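*Asks:* What follows is the residue order along each chain.
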Amino acid sequence: DAGITQSPRYKITETGRQVTLMCHQTWSHSYMFWYRQDLGHGLRLIYYSAAADITDKGEVPDGYVVSRSKTENFPLTLESATRSQTSVYFCASNPIFQTGVKNIQYFGAGTRLSVL
Amino acid sequence: AQTVTQSQPEMSVQEAETVTLSCTYDTSESDYYLFWYKQPPSRQMILVIRQEAYKQQNATENRFSVNFQKAAKSFSLKISDSQLGDAAMYFCAYRSPQGGSEKLVFGKGMKLTVNP
Chain X
192 DAGITQSPRY KITETGRQVT LMCHQTWSHS YMFWYRQDLG HGLRLIYYSA
242 AADITDKGEV PDGYVVSRSK TENFPLTLES ATRSQTSVYF CASNPIFQTG
292 VKNIQYFGAG TRLSVL
Chain Y
135 AQTVTQSQPE MSVQEAETVT LSCTYDTSES DYYLFWYKQP PSRQMILVIR
185 QEAYKQQNAT ENRFSVNFQK AAKSFSLKIS DSQLGDAAMY FCAYRSPQGG
235 SEKLVFGKGM KLTVNP
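Those protein sequences? They're chains X and Y, same order as listed.
Per the numbering used here, residue 192 is the first one in the first sequence, and the count goes up by one each step.
Per the numbering used here, residue 135 is the first one in the second sequence, and the count goes up by one each step.
Since the hints were made in silico from the structure, they are not lab data.
You may find that some hints are simply not true.
Partial chain Y-side listing against chain X, Cβ under 7 Å, derived [claimed, not checked]:
#1 Pro-174
#2 Arg-177
#3 Gln-178
#4 Met-179
#5 Leu-181
#6 Tyr-188
#7 Glu-236
#8 Lys-237
#9 Leu-238
#10 Lys-242
#11 Gly-243
These figures come from a predicted structure and were not determined experimentally.
In this text, a Cβ means the ideal position worked out from N, Cα and C, and glycines have one as well.
Using the sequences and the accompanying hints, generate a full structural model.
*Replies:* Structural data, given as structure tokens:
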């Protein structure tokens, strides 16, 4: 029952560097999401994916790139990290075959990223 | 676009007492889903309770219950017999019922402190 795994849990990087946050889920959920959590803002959606090779922008996509070549993986890349991208990042997944409120979203444990 | 508002950034409650967390939302949709998530210091996002808008009956899960007022677009969470383990950030979230819209819209969160 591995669920949804994010790596690393903590990351420190420097301005201008590229960094990739990994997300892996074992449920074969169709939907996957990336959120960032900042004090005073709650969780905001960066990108999401409805299936392999299908991705779409969320509320705050600038400066981020995603890919989804396999259903179980959904990496998030910061191509040139900036200090404003210091945040806690959450990956989540959602099944599509269950209806109504059973169709709930499951979250990873988060990655705390610091950009110096 | 839908918005979710949690107007109280912090609250405190004495152990064993009852506390109510408020949440309001704005939407033009008639059917939707509402959720309360708990985030303890471990950062893990944990689903507390969920509500379908077309159901008039308020959802309950053990010590947790909601007061769903559809006309007022209000979705408050009541925690009875508060325990020290209830101390956490609480997030209210909205989801559209439309297929392909599994995205969650979160409020900014509220920090609950439980005093012994």
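*Asks:* For every hint, state whether the structure bears it out.
*Replies:* Now the hints, each set against the structure:
1. Pro-174: violated (11 Å)
2. Arg-177: Nearest chain X Cβ about 5 Å off; hint holds.
3. Gln-178: Cβ of Gln-178 of chain Y sits 6 Å from chain X, so the hint holds.
4. Met-179: holds (4 Å)
5. Leu-181: holds (6 Å)
6. Tyr-188: violated (9 Å)
7. Glu-236: holds (5 Å)
8. Lys-237: holds (6 Å)
9. Leu-238: Holds - the Cβ of Leu-238 of chain Y comes within 7 Å of chain X, reaching about 6 Å at its closest.
10. Lys-242: holds (4 Å)
11. Gly-243: Constraint on Gly-243 of chain Y satisfied, holds at 5 Å.
Of the hints listed earlier, those the structure fails to meet are numbers 1 and 6, in rising order.
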